[in-house]
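**Student:** Once you have looked at the hints, place chain B on chain A.
Number of protein chains: 2
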Amino acid sequence: MTDKFIDAIKKTGAPICVGLDPKMSFLPECIAGKIFTPKGISTESVAEAFFEYNKAIIDAVKDLVPSVKPQVAMYEELGIPGMLCYQKTVKYAKDAGLIVIGDVKRGDIGSTCASYANAHLGKTELSYGGKSCSEITFATDYATVNPYMGSDGINEFLKAGKENDSGIFVLVKTSNPSGAEFQDLDIGGEKLYERVAEKVDEWGSDSVGSYGYSDVGAVVGATYPEVGRRLRELMPRTLFLVPGYGAQGASGKDLKDYFNKDGLGAVVNSSRGIIAAYKKDGYAEFGDEGFAQAARAATQDMIKDLRENADVYC
Amino acid sequence: MTDKFIDAIKKTGAPICVGLDPKMSFLPECIAGKIFTPKGISTESVAEAFFEYNKAIIDAVKDLVPSVKPQVAMYEELGIPGMLCYQKTVKYAKDAGLIVIGDVKRGDIGSTCASYANAHLGKTELSYGGKSCSEITFATDYATVNPYMGSDGINEFLKAGKENDSGIFVLVKTSNPSGAEFQDLDIGGEKLYERVAEKVDEWGSDSVGSYGYSDVGAVVGATYPEVGRRLRELMPRTLFLVPGYGAQGASGKDLKDYFNKDGLGAVVNSSRGIIAAYKKDGYAEFGDEGFAQAARAATQDMIKDLRENADVYC
Numbered sequence: 002m003t004d005k006f007i008d009a010i011k012k013t014g015a016p017i018c019v020g021l022d023p024k025m026s027f028l029p030e031c032i033a034g035k036i037f038t039p040k041g042i043s044t045e046s047v048a049e050a051f052f053e054y055n056k057a058i059i060d061a062v063k064d065l066v067p068s069v070k071p072q073v074a075m076y077e078e079l080g081i082p083g084m085l086c087y088q089k090t091v092k093y094a095k096d097a098g099l100i101v102i103g104d105v106k107r108g109d110i111g112s113t114c115a116s117y118a119n120a121h122l123g124k125t126e127l128s129y130g131g132k133s134c135s136e137i138t139f140a141t142d143y144a145t146v147n148p149y150m151g152s153d154g155i156n157e158f159l160k161a162g163k164e165n166d167s168g169i170f171v172l173v174k175t176s177n178p179s180g181a182e183f184q185d186l187d188i189g190g191e192k193l194y195e196r197v198a199e200k201v202d203e204w205g206s207d208s209v210g211s212y213g214y215s216d217v218g219a220v221v222g223a224t225y226p227e228v229g230r231r232l233r234e235l236m237p238r239t240l241f242l243v244p245g246y247g248a249q250g251a252s253g254k255d256l257k258d259y260f261n262k263d264g265l266g267a268v269v270n271s272s273r274g275i276i277a278a279y280k281k282d283g284y285a286e287f288g289d290e291g292f293a294q295a296a297r298a299a300t301q302d303m304i305k306d307l308r309e310n311a312d313v314y315c
Numbered sequence: 002m003t004d005k006f007i008d009a010i011k012k013t014g015a016p017i018c019v020g021l022d023p024k025m026s027f028l029p030e031c032i033a034g035k036i037f038t039p040k041g042i043s044t045e046s047v048a049e050a051f052f053e054y055n056k057a058i059i060d061a062v063k064d065l066v067p068s069v070k071p072q073v074a075m076y077e078e079l080g081i082p083g084m085l086c087y088q089k090t091v092k093y094a095k096d097a098g099l100i101v102i103g104d105v106k107r108g109d110i111g112s113t114c115a116s117y118a119n120a121h122l123g124k125t126e127l128s129y130g131g132k133s134c135s136e137i138t139f140a141t142d143y144a145t146v147n148p149y150m151g152s153d154g155i156n157e158f159l160k161a162g163k164e165n166d167s168g169i170f171v172l173v174k175t176s177n178p179s180g181a182e183f184q185d186l187d188i189g190g191e192k193l194y195e196r197v198a199e200k201v202d203e204w205g206s207d208s209v210g211s212y213g214y215s216d217v218g219a220v221v222g223a224t225y226p227e228v229g230r231r232l233r234e235l236m237p238r239t240l241f242l243v244p245g246y247g248a249q250g251a252s253g254k255d256l257k258d259y260f261n262k263d264g265l266g267a268v269v270n271s272s273r274g275i276i277a278a279y280k281k282d283g284y285a286e287f288g289d290e291g292f293a294q295a296a297r298a299a300t301q302d303m304i305k306d307l308r309e310n311a312d313v314y315c
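Going down the list, the sequences are from chains A and B.
For what it's worth, the numbering used here labels the leading residue of the first sequence as 2, then goes sequentially.
For what it's worth, the numbering used here labels the leading residue of the second sequence as 2, then goes sequentially.
A few of these clues could be false.
Listed next, the in silico PhoX-like pairs over lysine-lysine satisfying Cα-Cα at most 25 Å (straight line) [as the list claims (entries may be wrong)]:
1) LYS11(B) with LYS262(B)
2) LYS24(B) with LYS124(B)
3) LYS192(A) with LYS192(B)
4) LYS40(A) with LYS5(A)
5) LYS160(B) with LYS40(A)
6) LYS89(B) with LYS192(B)
7) LYS160(B) with LYS24(A)
8) LYS24(A) with LYS35(B)
9) LYS24(B) with LYS163(A)
10) LYS24(B) with LYS124(A)
11) LYS132(A) with LYS35(B)
Covered stretches of chain A (in silico footprint by chain B; criterion: 3 or more residues with CB under 8 Å from a CB of chain B, positions within the stretch not fixed) [what the hints assert, rightly or not]:
12) 2–13
13) 42–54
These are calculated hints, taken from the structure and not from any lab test.
Since this is a predicted model, take the numbers as computed values, not measurements.
Idealized CB from N, CA, C, for every residue including glycine.
Just chain A, with the same shape it has in the complex (with noise of 0.2 Å):
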């Protein structure tokens, strides 16, 4: 899977994953009046509004990123319509040849991670009396997972991945500020992460690519350099994914050590700065109805800040 996502990041030439985290606060008036004015205001109409809005953000950026990143989490919180907001979300960034991370952040083991690793990496398989019958749920090109249950979960997620040629990205060091709390305790001369981050190239010894990545990438977050720096160095061969730029502080020249010497090695996320760009001062021009054209100029913008300023030349 990771051979396919690099060769997509060469294409665009954009290291770039757009966050699809559509908040009410985020739609414009030109989707939430066409729809809340007649239908009201619901589970149902928002989810609905969201995928209008979705699709305008992915068709206008569709060209110039490899990547989506969808937050389960903004859709969870609609219920049932929520999730099929997200499933078909995830199918229209699908078919609109993007890569697909679903940022679902699952953890759990033994035959309950397989379940969590079907839906969203593989697929359902059911069979009784000689039927049987083999269903796509949720399942996207990446899964963010979480680390703390240890091995017994994570090959779940590798089994999937490698049955239906999918990957992971485990959470290393989390941008937030207490993300500190336990990432980062002192276990005999290393941090917490640091020993994640050994796990994480170990796990991804199985599937390194003809690029030298695997298929087990790593969350690391964009707000502390120096750590992306020891990080880049203790898992060379993994794929970083990095939330935190833009909104969350992080600039191109912040991320400049998150990269390897090939100019490749990091996603960078932008959902805020992306998606809700046309409520910044530098996009205002583009007003209301021009939400995904902003979202457009702000992604070129940070293709360009990445270019200039974090040595990516990929």
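**Tutor:** Then chain B, alone, in the frame of chain A:
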């Protein structure tokens, strides 16, 4: 919330939670044949069968135990029909007077985590142009939560819990062998799970009820009795949710130290051992049609085991 839970534990005399983790292989032929023969096999028909199965189990145990714990992974695997089944199962169990623990193991940061908290513990509130709605989507009385990202995420669950009279169980020490990979790491004289336990005690300090237990519980696996003892000391006012009984190898005598001197402080989960009891030697006389009565008998045996061997005298 936890006062209400303890009232229910005292009333039933059973510190037990029945895990509603349906699988194809658990379904009795009396349900499978009735549904799959006419309808064939699909995520829809399996979700329908799971709901029939759950309802029968709930009806058979609802006067014996205070709580059930559906494992959302089993439902997510069935996609949208599965999530509908999860939602209906939660409602059916609540309507039966049971406390419902959503085993969702969610965890994220900031507004993303707030969305999870609204989905699984609270309600979804939406407004636009003077119109608004408030809907309950997947909300349970408790949700299991992953601590790896620290307080940022936990605080959103605590906020939703406070507003909606609900609580959480934070993963501290899980029952699986590889849980030790990170959870057992030495961090300057104590284990990582001990540090997490200290934070759990702190997170719960604002919600201690009249029995002396807070709304922030801990998941503590049954498979490591000496760890249970240590964690009981570190978290005297924390309700333990204890997986690993029965199928994973632990029995009543292993759980003595998971309880406080008041005979309270833990809720022991059993899933397969109860819901698929009719497939086990000791309950074979119930047969396929008696699967729910076998679950009832297995629950009664579990209560007896805990009372006699774990010194439970609630």
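**Student:** Could you run down the list of hints and mark each one as holding or not?
**Tutor:** Right, here's what the structure says about each hint:
no.: 1; hint: LYS11(B) with LYS262(B); in the structure: 15 Å, holds
no.: 2; hint: LYS24(B) with LYS124(B); in the structure: 29 Å, violated
no.: 3; hint: LYS192(A) with LYS192(B); in the structure: 13 Å, holds
no.: 4; hint: LYS40(A) with LYS5(A); in the structure: 42 Å, violated
no.: 5; hint: LYS160(B) with LYS40(A); in the structure: 31 Å, violated
no.: 6; hint: LYS89(B) with LYS192(B); in the structure: 40 Å, violated
no.: 7; hint: LYS160(B) with LYS24(A); in the structure: 19 Å, holds
no.: 8; hint: LYS24(A) with LYS35(B); in the structure: 43 Å, violated
no.: 9; hint: LYS24(B) with LYS163(A); in the structure: 23 Å, holds
no.: 10; hint: LYS24(B) with LYS124(A); in the structure: 16 Å, holds
no.: 11; hint: LYS132(A) with LYS35(B); in the structure: 15 Å, holds
no.: 12; hint: 2–13; in the structure: violated (count 0)
no.: 13; hint: 42–54; in the structure: holds (count 4)
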